[in-house]
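*Asks:* The chain contents come next:
Number of protein chains: 4
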Amino acid sequence: MATQVIVLNGGSSSGKSGIARCLQAVLPDPWLALGTDVLVEAMPAAMRSSEGGIELAPDGEVTVGPEFRSLEAAWIDGVAAMARSGARIVVDEVFLGGSESQRRWRQALDGLRVLWVGVRCEAAVAAGRETARGDRVPGMAARQAELVHRGVHYDLEVDTTRTESLECARIIAARIIAARVG
Amino acid sequence: MATQVIVLNGGSSSGKSGIARCLQAVLPDPWLALGTDVLVEAMPAAMRSSEGGIELAPDGEVTVGPEFRSLEAAWIDGVAAMARSGARIVVDEVFLGGSESQRRWRQALDGLRVLWVGVRCEAAVAAGRETARGDRVPGMAARQAELVHRGVHYDLEVDTTRTESLECARIIAARIIAARVG
Amino acid sequence: MATQVIVLNGGSSSGKSGIARCLQAVLPDPWLALGTDVLVEAMPAAMRSSEGGIELAPDGEVTVGPEFRSLEAAWIDGVAAMARSGARIVVDEVFLGGSESQRRWRQALDGLRVLWVGVRCEAAVAAGRETARGDRVPGMAARQAELVHRGVHYDLEVDTTRTESLECARIIAARIIAARVG
Amino acid sequence: MATQVIVLNGGSSSGKSGIARCLQAVLPDPWLALGTDVLVEAMPAAMRSSEGGIELAPDGEVTVGPEFRSLEAAWIDGVAAMARSGARIVVDEVFLGGSESQRRWRQALDGLRVLWVGVRCEAAVAAGRETARGDRVPGMAARQAELVHRGVHYDLEVDTTRTESLECARIIAARIIAARVG
Chain A
1101 MATQVIVLNG
1111 GSSSGKSGIA
1121 RCLQAVLPDP
1131 WLALGTDVLV
1141 EAMPAAMRSS
1151 EGGIELAPDG
1161 EVTVGPEFRS
1171 LEAAWIDGVA
1181 AMARSGARIV
1191 VDEVFLGGSE
1201 SQRRWRQALD
1211 GLRVLWVGVR
1221 CEAAVAAGRE
1231 TARGDRVPGM
1241 AARQAELVHR
1251 GVHYDLEVDT
1261 TRTESLECAR
1271 IIAARIIAAR
1281 VG
Chain B
1101 MATQVIVLNG
1111 GSSSGKSGIA
1121 RCLQAVLPDP
1131 WLALGTDVLV
1141 EAMPAAMRSS
1151 EGGIELAPDG
1161 EVTVGPEFRS
1171 LEAAWIDGVA
1181 AMARSGARIV
1191 VDEVFLGGSE
1201 SQRRWRQALD
1211 GLRVLWVGVR
1221 CEAAVAAGRE
1231 TARGDRVPGM
1241 AARQAELVHR
1251 GVHYDLEVDT
1261 TRTESLECAR
1271 IIAARIIAAR
1281 VG
Chain C
1101 MATQVIVLNG
1111 GSSSGKSGIA
1121 RCLQAVLPDP
1131 WLALGTDVLV
1141 EAMPAAMRSS
1151 EGGIELAPDG
1161 EVTVGPEFRS
1171 LEAAWIDGVA
1181 AMARSGARIV
1191 VDEVFLGGSE
1201 SQRRWRQALD
1211 GLRVLWVGVR
1221 CEAAVAAGRE
1231 TARGDRVPGM
1241 AARQAELVHR
1251 GVHYDLEVDT
1261 TRTESLECAR
1271 IIAARIIAAR
1281 VG
Chain D
1101 MATQVIVLNG
1111 GSSSGKSGIA
1121 RCLQAVLPDP
1131 WLALGTDVLV
1141 EAMPAAMRSS
1151 EGGIELAPDG
1161 EVTVGPEFRS
1171 LEAAWIDGVA
1181 AMARSGARIV
1191 VDEVFLGGSE
1201 SQRRWRQALD
1211 GLRVLWVGVR
1221 CEAAVAAGRE
1231 TARGDRVPGM
1241 AARQAELVHR
1251 GVHYDLEVDT
1261 TRTESLECAR
1271 IIAARIIAAR
1281 VG
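Protein chains in written order, with the working numbering: chain A, 1101 to 1282; chain B, 1101 to 1282; chain C, 1101 to 1282; chain D, 1101 to 1282.
Keep in mind that the hints were calculated from the coordinates and are not lab data. Worth double-checking, as some hints may not be accurate.
The calculated label-pair distances, taken between Cβ atoms and stated as ranges, are [what the hints assert, rightly or not]:
| # | chain 1 | residue 1 | chain 2 | residue 2 | range |
| --- | --- | --- | --- | --- | --- |
| 1 | A | T1263 | D | L1256 | 19 to 29 angstroms |
| 2 | A | Q1207 | D | L1256 | 46 to 56 angstroms |
| 3 | B | R1250 | C | H1253 | 46 to 56 angstroms |
| 4 | D | S1149 | C | P1128 | 14 to 24 angstroms |
| 5 | D | L1256 | B | R1148 | 15 to 25 angstroms |
In this text, all values refer to a predicted model and were calculated from it rather than measured experimentally. No residue lacks a Cβ here, since even glycine has one placed at the ideal position from N, Cα and C.
So here's chain A without its partners, still in its complex pose (with noise of 0.2 angstroms):
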């Protein structure tokens, strides 16, 4: 049967962006790719630097409030509900509370059909990717590297320490397909 949700799970700087966009580009049918950063974005710039929404420490903590769980709640129903009504969604997510944080997803996906795939990069790699980018604050993709893995579930994992993300992508989509065939 044919999958309806991509769960992409990975610290900052691991690779998701990029396979979310291979993946769009391999898979025969066309996906819309949604992620954190797009939530991000959409919540009020005050916001994103305070105490109820998102704060970002200068060694990249990221710790989020009240009123930014209360604003995701309702985008990952929102999200949900695009894949019941018959998108095709890549998710690209940072699990910051772990098991929990799958938990919450799971649990708004419910009778969907997801693959949940952890994206994993050694953190010094990451990290110097971080650097190569330009635009993070320096830290968050070495402490998020193992942390938002914990005790998450995953039905594939990749790794992007020495694989191209495309290649990740292709790893995934055969699997997809594979599912459909099934």
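Here the structure of chain A is known, so what remains is to put chains B, C and D in place on it, guided by the hints.
*Replies:* Chains B, C and D alone, transformed into the frame defined by chain A:
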């Protein structure tokens, strides 16, 4: 009763996004700002210039195909679901199909308290702002200035030709706050 | 005689960049648009928030250190050299030091035909546009509105408070074309 | 003696910009990073898709016209002048004309201590990264992978196919530091 969704409809470079950001700044609660640009950005890169997706003629004419319409329909359902789950949402839209576009949104938003806002801007002024932005296909602003309002019904209209975005946002916010109290 | 450099000086969110892009659209020859933003973007990420580089206080105050000044001096010389080599250049600047900033540019541009243009915008309006942009530290626009013009001498002043960028560009372009003919 | 300019030459999506940002992070002094992208962005919007300016064919072929060449020549002189005025500069370039492009830069940089660095990446890998970025015309990466190196002489070559940007930057930085001491 409290408004749950504000729909801003206007042509390209009419100032919708600026008003949306100002609304987020002046309204007392946190609102999400989502719009056509976010949807287009979430689509596969290949669809952003294809027959089934979005076609942008050199003169600024925008045509959308069946694959776009299909993803858009699911997107609209999802945005409605976010509002039903408690998120306040400013929708920043370009009703290329005029009244028919409004009908699609109205149907999806059924049961929610919606404020329909027309964002007008004289074609020549919008075209000048398009030049000042420098990142849009020239011609879209002038083409869409009237087109997107055809047959559309509003609760409120603002005109950015001679009124600043922040002032327009304050007019809209006053209506929202009055509705809550009234 | 033909103008070789147009220096636009104004506070943050006063509309300089929009005028620069409109000038590129309305002037008959191709002009390069270069400005403080380009210089800041070219600097090491670490200098964009450091003592020797640029410090941005939460209230929008901008302070620059000796390392910034040193790279900036070389940048100004380079922009002048581009003009001497035949490129027409619109410089989009924020004279944080008022007349002292102008003196630095004037010295580097010595021997070139320069049009000095003041880009004014009432503080409250510039602050509103800063909110509408949503990507700047709030407070910069209001703070810089008067500050950057202190002791600066202009050939021409435009005011974006109630005049569109394109119209301001046309006023400047008319002066450029008159100078060429005259 | 201390290197004054590092010229990174490589095809689209070969990783030059990432290496430039990493160089800024690992080198002890502040370096400016300037490149073709900055020049193109500074040009009039109309030139970014015109006969005299830049033409981008649907298959990723880039052709530049006489107006582009003329502004580029002045730009190169200006970058050289910045280095002569004391700024250390990383130039991030795409030598579409191979050895002829290098000749132009070599002439302008005459008398300065320059490190010429070739940034290689296998065409298939660069094409995959182009897909992962999603914001470039597909085809440029593969087309330029070999082309830009034709007849070009380097002091040092790095290959991002299997080496991270940060690691490449460290190799280059080691050479810079050795030159200073030596």
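*Asks:* Should the hint that T1263/A and L1256/D are 19 to 29 angstroms apart at their CB atoms be regarded as holding?
*Replies:* holds (27 angstroms)
*Asks:* Taking 14 to 24 angstroms as the hint, is the beta-carbon distance of S1149/D and P1128/C inside that range?
*Replies:* Cβ of S1149/D to Cβ of P1128/C: about 19 angstroms, so the range 14 to 24 angstroms holds.
*Asks:* Does the hinted range 46 to 56 angstroms hold for Q1207/A and L1256/D at CB?
*Replies:* holds (54 angstroms)
*Asks:* Between the beta carbons of L1256/D and R1148/B, is the distance compatible with 15 to 25 angstroms?
*Replies:* violated (38 angstroms)
*Asks:* Are R1250/B and H1253/C spaced within 46 to 56 angstroms by their CB atoms?
*Replies:* Check passed, 51 angstroms falls within 46 to 56 angstroms.
Violated hints amount to a single one, hint 5; each of the other numbered hints is respected by the structure.
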